[in-house]
Amino acid sequence: MKPADKKRVLREMLFARRFEERCYEAYVERKIGGFLHLYPGQEACAQGVMEAARPGHDYVITGYRDHIHAIKCGADPKAVMAELYGKETGSSKGRGGSMHIFDVAHHMMGGYALVGGPFPLAAGIAKGLKMKGSDAISICFLGDAANNQGTFHETMNMAKLWNLPVLFVCENNLYGIGTRIDRSTAVIEQYKRVSGYGIPATQVDGQDVEIVYDAAKIAVDHVRSGKGPYFLELMTYRYRGHSMSDSNAYRAKDEERMWSKRDPIIILRDRLIEAGILSLEVYKSMDTEILDQIENQIIKFAEESPEPVVTELEKYVLAENDPYVRADMTPNLNRGAR
Amino acid sequence: MAIIMYWEALQRAHDEELARDPLVIVMGEDVGVAGGTYKATKGLYDKYGPERIMDTPISENGFTGLGIGASFIGVRPIIELMSVNFAWLAMDQIFNSAAKVRYMSGGQLTAPVVIRSPGGTAHQLGAQHSARMEKVFMGVVGLRVVTPSNARQAYGLLKSAVRCDDPVFIYEHELMYNMKGEVPDGEYFHPLEGSEVARAGRDITLFGYNISVHWCLQAAEFLATHHGIDCEVIDLFSLSPLDRAGIKASVSKTHRALIAEEAEAAVGVGSEVMAIINEECFFELDAAPVRVSAKNVPIPYNHTLEKAAVPSSKDVVHAVLKMFGKS
Ligand SMILES: Cc1ncc(C[n+]2csc(CCOP(=O)(O)OP(=O)(O)O)c2C)c(N)n1
Ligand SMILES: [Mg+2]
Chain B
107 MKPADKKRVL REMLFARRFE ERCYEAYVER KIGGFLHLYP GQEACAQGVM
157 EAARPGHDYV ITGYRDHIHA IKCGADPKAV MAELYGKETG SSKGRGGSMH
207 IFDVAHHMMG GYALVGGPFP LAAGIAKGLK MKGSDAISIC FLGDAANNQG
257 TFHETMNMAK LWNLPVLFVC ENNLYGIGTR IDRSTAVIEQ YKRVSGYGIP
307 ATQVDGQDVE IVYDAAKIAV DHVRSGKGPY FLELMTYRYR GHSMSDSNAY
357 RAKDEERMWS KRDPIIILRD RLIEAGILSL EVYKSMDTEI LDQIENQIIK
407 FAEESPEPVV TELEKYVLAE NDPYVRADMT PNLNRGAR
Chain Z
68 MAIIMYWEAL QRAHDEELAR DPLVIVMGED VGVAGGTYKA TKGLYDKYGP
118 ERIMDTPISE NGFTGLGIGA SFIGVRPIIE LMSVNFAWLA MDQIFNSAAK
168 VRYMSGGQLT APVVIRSPGG TAHQLGAQHS ARMEKVFMGV VGLRVVTPSN
218 ARQAYGLLKS AVRCDDPVFI YEHELMYNMK GEVPDGEYFH PLEGSEVARA
268 GRDITLFGYN ISVHWCLQAA EFLATHHGID CEVIDLFSLS PLDRAGIKAS
318 VSKTHRALIA EEAEAAVGVG SEVMAIINEE CFFELDAAPV RVSAKNVPIP
368 YNHTLEKAAV PSSKDVVHAV LKMFGKS
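Protein chains in written order, with my numbering: chain B, 107 to 444; chain Z, 68 to 394.
If you are wondering where the hints come from, they were derived from the structure by calculation, not from laboratory data.
Each hint should be verified, as a subset may be incorrect.
Claimed, not checked - Cut-off 27 Å, straight-line C-alpha distance, at most; resulting in silico cross-link-like pairs (DSS-like, lysine-lysine):
hint	chain 1	residue 1	chain 2	residue 2
1	Z	K320	Z	K389
2	B	K112	B	K390
3	Z	K202	B	K421
4	B	K421	Z	K315
5	B	K238	Z	K315
6	B	K266	Z	K114
7	B	K236	Z	K202
8	B	K108	B	K323
Claimed, not checked - Facing chain Z, according to a computed beta carbon distance under 10 Å, are these residues of chain B, among others:
hint	residue
9	G139
10	G203
11	M237
From the three backbone atoms N, C-alpha and C, an ideal C-beta is built for every residue, glycine too.
Between the sequences and the hints, there should be enough to build the whole structure, so can you do that?
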């Protein structure tokens with residue numbers, strides 16, 4: 107990464123942190139409802155991988171902790187925040203919510219709430235890309251605990267069997283809600299679990315965005331060059347509870363303290379300051395700018411946006427006016443329809 | 068019009084759609100080299116190759132999800148689930164992904180997959196191979212459910228399902244693949260919504276779908292010949308949505324209704340049709356509507372017990388006679 111890119115990456119990670127912290131506040135203020143899963147601590151994962159990929163061109167799919175992945179694809183943070191507010195201007199028109207952020211124009215294929223659900227969907231997108239001869243790849247971001255679903259194993263097998271262009275990124279934050287990985291999973295190192303499917307895999311530090319970027323570059327190149335699937339495990343930690351309803355009581359304070367010293371934003375910030383690329387003053391003004399943007403543009407947009415109208419409650423269930431729903435049954439009449 | 072078998076009609080629809088659109092693919096267990104458990108994909112592997120006629124591992128939820136994901140970017144997969152009993156394993160992807168993605172993305176994404184699967188009781192296959200699951204699928208919003216009762220519908224419904232932008236579940240029947248019927252020589256598309264008058268009549272409406280249409284037709288012939296009762300038979304080829312207008316029109320004409328279903332009565336097609344009659348044309352009724360349904364048991368292996376568990380045309384005849392005070 108060039109110095110200018112590193113600075114931008116730092117800014118984007120700081121933005122992700124502040125965006126999520128503001129979501130927390132909005133939730134406490136009851137502006138956001140439902141389940142809310144926040145990303146602080148894991149910023150280097152989405153950032154580093156998407157830095158190595160082609161955002162808006164490659165296809166991304168993930169779970170419910172999805173705001174930042176969508177924004178990294180190119181989704182407008184205003185539309186994401188408006189979605190959390192349940193507004194008509196939201197990325198899913200207020201029908202999806204925090205766990206279902208979609209921006210198909212930017213190839214963000216959605217956040218899904220069923221743990222493990224996106225695995226086969228990602229492989230299917232890869233199948234489609236392969237059929238179309240596209241140079242885009244499919245990227246699936248999921249957590250460590252998702253690997254205990256059947257879909258993980260079923261998908262790894264099919265992805266390798268059919269040599270599909272899909273990158274599986276495992277954000278291993280050591281917990282599935284309140285259950286630590288060693289209490290749920292026989293083999294703790296997740297990258298080892300795909301060796302039985304013949305899929306190349308690596309594990310790297312997920313707190314250092316430059317390390318993530320370097321590893322992701324190898325992974326992305328592998329997949330894009332037609333060599334089939336790849337599995338990248340990123341060791342990370344979430345700084346907040348699993349969701350807003352989580353007290354976090356199950357984690358040892360020592361463990362939390364240890365990981366808080368490995369804050370991905372601070373790691374990069376200090377490195378850039380040391381290298382003379384950045385000063386603390388510039389960093390602080392960057393932060394002020396971000397906070398201002400979030401408050402005066404993003405939150406403002408969400409607050410001022412209209413609610414969906416109840417008369418459109420039943421829109422988007424099925425296709426509207428699909429000609430095949432009422433296809434004419436007389437053979438010569440419907441011949442060649444569409 | 069050629070007279071062909073139900074499986075041949077399905078095979079022809081597959082073949083035509085595969086030939087027309089390179090993004091149509093077929094997925095399922097044994098659909099390729101083996102030609103399909105019920106021959107619906109016979110010969111297609113040789114014609115279209117392994118990239119498009121995909122023999123899948125035995126991972127129902129996985130490959131169904133993979134097909135759904137492919138459909139997000141324009142692929143049109145026709146997924147064969149070998150038996151509807153195995154569809155339980157794919158429920159997560161069908162219900163949570165395919166049926167909901169349009170709504171939860173605010174209309175941005177759609178899952179135009181076709182999922183075909185045979186259900187019903189066949190020949191002593193036992194409890195785990197005799198499920199009738201139409202009631203499960205028709206209860207899910209965001210999914211279309213159709214069920215062909217003959218070769219013509221099998222052909223035309225599959226053609227329309229492939230081209231429709233919604234996910235469509237096609238409920239077939241283990242016993243019907245060799246049933247012969249007329250299919251138009253030219254290409255045609257059966258509507259995915261509505262119902263068909265399989266036999267016009269004045270005295271009572273018999274509602275059937277899939278195999279029970281045939282019980283109703285046989286019963287109608289018998290009742291006309293021996294008892295002078297003129298039955299109308301309505302073929303509910305679309306189970307979701309059900310044809311409210313068609314149900315209302317027929318019952319308003321005959322003033323009596325019977326629903327024949329191969330599944331257990333609870334939470335089923337019959338209860339749903341009765342509810343619609345109640346809501347749409349209660350005051351048209353001359354008698355309380357009746358259901359002819361399966362007994363509330365897992366399907367037994369023993370031949371006699373198996374036959375006793377599911378209805379037949381005789382049960383339809385008895386129920387009609389009882390309604391007319393003739394038994
Ligand atoms: C099929 C399913 N089972 C259970 C849940 C409840 N649940 C939501 S998130 C979660 C933990 C998942 O942990 P992981 O995959 O490691 O992701 P993380 O939240 O740590 O990012 C569980 C059990 C669910 N949403 N879906
Ligand atoms: Mg986790």
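Hints versus structure:
no.	hint	verdict
1	K320(Z) x K389(Z)	holds (20 Å)
2	K112(B) x K390(B)	holds (16 Å)
3	K202(Z) x K421(B)	holds (24 Å)
4	K421(B) x K315(Z)	holds (26 Å)
5	K238(B) x K315(Z)	violated (47 Å)
6	K266(B) x K114(Z)	holds (24 Å)
7	K236(B) x K202(Z)	violated (37 Å)
8	K108(B) x K323(B)	holds (15 Å)
9	G139	violated (15 Å)
10	G203	holds (8 Å)
11	M237	holds (6 Å)
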